[in-house]
Amino acid sequence: MKSFKEYINYSAGRALSANTKFNLLIYGVRDNSELFDKYSSSFKEEHYAFDNGNWGIDKKRATPTEIILPGGIVSKLHIRPNSPIHLEESGGSLLICKDNKELSEFRFLPRPNFWKYQTIKGICSKRYAQMYGLNCLNFNIYSGCEFQNCGKGCKFCSVNSTVDKNNPIIVKKDPKELSEICQLATYYDDIDYIIITGGSYIDGNKEFDNHIDVIKAIKNHLPWNGRIKGNVSMMPPKDSSRLIELYENGVDNPSFNMEVWPKSAFEKFCPGKAQFVGFDKIISSLKQLVTYYGSGQVWSNFVAGIVSIEDMKAGFQFMAENGIVPGANIYHAEVNSAIGKSLGIIDYDYIKELYSYATELYIKYNYKPYFNASILRNSLANEFYEGLL
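With the first letter of the sequence shown counted as 1, position 355 gets the number 355 in the numbering used here; the numbers rise by one all the way through.
Just so you know, these hints were derived from the structure itself, not from any lab. Backbone N, C-alpha and C fix where the C-beta goes; we use that ideal spot for every residue, glycine too. Errors might be hidden in some of the hints.
[Claimed, not checked] Here are the in silico distance ranges between beta carbons for each label pair: (1) E88 to N225: 28 to 36 angstroms; (2) S90 to S40: 28 to 36 angstroms; (3) N322 to K268: 32 to 40 angstroms; (4) R111 to D280: 27 to 35 angstroms; (5) G344 to C124: 30 to 38 angstroms; (6) S40 to K263: 42 to 50 angstroms; (7) K176 to N205: 18 to 26 angstroms.
[To be verified] Within a straight-line C-alpha distance of at most 20 angstroms, the following computed SDA-like cross-link-like pairs (lysine to any residue) qualify: (8) K238 to T186; (9) K5 to L95; (10) K287 to K352; (11) K313 to I244; (12) K60 to K313; (13) K281 to D347; (14) K155 to L388; (15) K368 to N322; (16) K216 to K263; (17) K219 to K263; (18) K219 to K229; (19) K60 to G91; (20) K287 to A314; (21) K341 to N82; (22) K352 to K368; (23) K352 to N322; (24) K59 to G92; (25) K206 to F276; (26) K219 to K238; (27) K176 to S161; (28) K116 to N135; (29) K364 to G294; (30) K152 to L343; (31) K2 to K59; (32) K155 to I306; (33) K152 to N135; (34) K364 to L388; (35) K155 to L35; (36) K38 to L87; (37) K2 to G91; (38) K219 to R242; (39) K98 to L87; (40) K5 to S93.
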């Protein structure tokens, strides 16, 4: 049996792993409570800090959030009762099967070490942050959405039902306590990146202030000499002159995520962002960030599958032509989201065409997809860019 290091470095297995991840992200996976209970003490469980793609699952149950495939490719798990994909154990190996065909072996990702520790106030660190993929620290400054509070949340999002009163997640996180979490994660785990997400406020300046306060509090408690190596995702402030503060405070890759394209779709699927921020405001803010960072350092993410392939490709092209790296996570139905029950499986050919087009743009403009295949668990951008699919 390969050691974990040998397993993630097994380059000969990456093409098969990429194909398996493709299937997992399209179909999800059926529940296997017996297998999950058996390994519950050794895998990184879902802790429902923002979204919930696990249908028919009690959130108090330990359910794995991700798996890792040979060659170090990580895939998110979304539990769907009718999926043709199932996990099983056979002959001492953990296997992913589609109907009666074996696709690949897999391993569970271990819990991050920093989850064993508490803050000075005695609060478990798991309530603040998680490890996204293999080694990317991740937290939401505010695990909530004021747009949803007034009935204008993004229609694919489930944050306000996921983070309910029975959920142990800290909803609004203090910068000082997040700095403690960063110290713990830096000391006890190997982290290569960080993702910081804000949660949505009607007052864009308040959201921006929260981000800057957190960035200043944590940047010297991370292993990158004052840099924020990774992604900070938010909506832009009303005062566009403040965008320079992201650059001045060492943020490597800021993003304002469009989610969908064009403007008419944005207004339909993201009514809160449309009303309180504005499509044109986000575009102008992204362009302004490019003047500080240069081409290929500013990002904007989309949700792949809820608008036509022609519209998605047009959005990708617009971003790329303006110095902004486009990316997309594959849509998965969120429990209690507005469109969760009405939009089913995303077409295989749609995903293939979109990521193939993204690869063409990355090569043309000398961009790289976000992070890597061991981090970006809901996307196939890296796998297509590498030529694995």
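Comparing the hints with the structure gives:
Our hint of 28 to 36 angstroms for E88 and N225 is violated, since their Cβ atoms are close to 45 angstroms apart. For the pair S90 and S40, the supplied restraint of 28 to 36 angstroms is violated, since their beta-carbon distance comes to about 20 angstroms. Between N322 and K268 the Cβ separation comes to about 23 angstroms, which falls outside the hinted range of 32 to 40 angstroms. Evaluation of the 27 to 35 angstroms hint for R111 and D280 yields a failure: the beta carbon distance comes to about 43 angstroms.
A hinted range of 30 to 38 angstroms for the beta carbons of G344 and C124 is consistent with their spacing of about 37 angstroms. Between S40 and K263, the C-beta spacing of about 46 angstroms keeps the proposed range 42 to 50 angstroms intact. Range check, K176 to N205: Cβ separation about 21 angstroms, and the 18 to 26 angstroms hint holds. About 34 angstroms separates the Cα atoms of K238 and T186, which puts this hinted pair outside 20 angstroms; it is violated.
Straight-line distance between C-alpha atoms of K5 and L95 comes to about 19 angstroms, which keeps the hinted pair within the 20 angstroms bound. The hinted pair formed by K287 and K352 fails the criterion: a straight-line CA distance of about 28 angstroms is larger than 20 angstroms. With a CA separation close to 29 angstroms, the supplied pair K313 and I244 exceeds the 20 angstroms bound. A hinted pair counts as satisfied when its Cα atoms are at most 20 angstroms apart, and K60 with K313 does not qualify at roughly 39 angstroms.
Of the supplied pair hints, the one linking K281 and D347 is violated, its CA atoms being roughly 32 angstroms apart against a limit of 20 angstroms. Restraint check for K155 and L388: the C-alpha separation of about 32 angstroms exceeds 20 angstroms, so the hint is violated. Distance restraint check for K368 and N322: the Cα-Cα separation of roughly 15 angstroms lies within the 20 angstroms cut-off, and the hinted pair is therefore satisfied. Between K216 and K263 the CA atoms are separated by roughly 34 angstroms; this puts the pair beyond 20 angstroms, and the hint is violated.
Taking the CA atoms of K219 and K263, the gap is about 35 angstroms. The hint is violated against a cut of 20 angstroms. With a C-alpha separation of about 9 angstroms, the suggested pairing of K219 with K229 holds against the 20 angstroms cut-off. Taking the CA atoms of K60 and G91, the gap is near 30 angstroms; set against the 20 angstroms cutoff, the hint is violated. In summary, the hint linking K287 to A314 is supported, as the alpha carbons are separated by about 17 angstroms, within the 20 angstroms threshold.
At most 20 angstroms may separate the alpha-carbon atoms for a hinted pair to count; K341 and N82 meet this at roughly 13 angstroms. Distance restraint check for K352 and K368: the Cα-Cα separation of roughly 18 angstroms lies within the 20 angstroms cut-off, and the hinted pair is therefore satisfied. In summary, the hint linking K352 to N322 is not supported, as the alpha carbons are separated by about 24 angstroms, beyond the 20 angstroms threshold. Among the hinted pairs, K59 with G92 is inconsistent with the structure: their alpha-carbon atoms are about 28 angstroms apart, more than 20 angstroms.
Between K206 and F276 the CA atoms are separated by roughly 13 angstroms; this keeps the pair inside 20 angstroms, and the hint holds. Simply put, K219 and K238 have alpha-carbon atoms about 24 angstroms apart, too far for the 20 angstroms limit, and the pair is violated. Taking the CA atoms of K176 and S161, the gap is about 27 angstroms. The hint is violated against a cut of 20 angstroms. For the suggested pair K116 and N135, the alpha carbons sit about 16 angstroms apart, so the restraint of at most 20 angstroms is met.
Proximity of K364 to G294 is assessed by CA-CA distance (about 16 angstroms); at most 20 angstroms being required, the pair is judged to hold. Distance check on the hinted pair: K152 and L343 sit about 19 angstroms apart at the alpha-carbon level, within 20 angstroms; holds. Of the supplied pair hints, the one linking K2 and K59 is violated, its CA atoms being roughly 33 angstroms apart against a limit of 20 angstroms. Restraint check for K155 and I306: satisfied, since their Cα atoms lie roughly 10 angstroms apart, inside the 20 angstroms limit.
For the hint pairing K152 with N135, the CA-to-CA distance comes to about 34 angstroms; that exceeds 20 angstroms, so the pair is violated. A C-alpha spacing of about 19 angstroms is found between K364 and L388, which places the hinted pair at or below 20 angstroms, so the restraint holds. With a C-alpha separation of about 33 angstroms, the suggested pairing of K155 with L35 is violated against the 20 angstroms cut-off. At most 20 angstroms may separate the alpha-carbon atoms for a hinted pair to count; K38 and L87 meet this at roughly 13 angstroms.
A C-alpha spacing of about 15 angstroms is found between K2 and G91, which places the hinted pair at or below 20 angstroms, so the restraint holds. Taken as a hint, the K219 and R242 pair is honoured in the structure, with Cα atoms around 19 angstroms apart against an allowance of 20 angstroms. Using a Cα cut-off of 20 angstroms, the hinted pair K98 and L87 holds, with the two alpha carbons roughly 9 angstroms apart. Of the pairs offered as hints, the one joining K5 and S93 holds, with about 17 angstroms between alpha carbons and a cut-off of 20 angstroms not exceeded.
Comparing the model with each earlier hint shows violations of hints 1, 2, 3, 4, 8, 10, 11, 12, 13, 14, 16, 17, 19, 23, 24, 26, 27, 31, 33 and 35; every other hint is respected.
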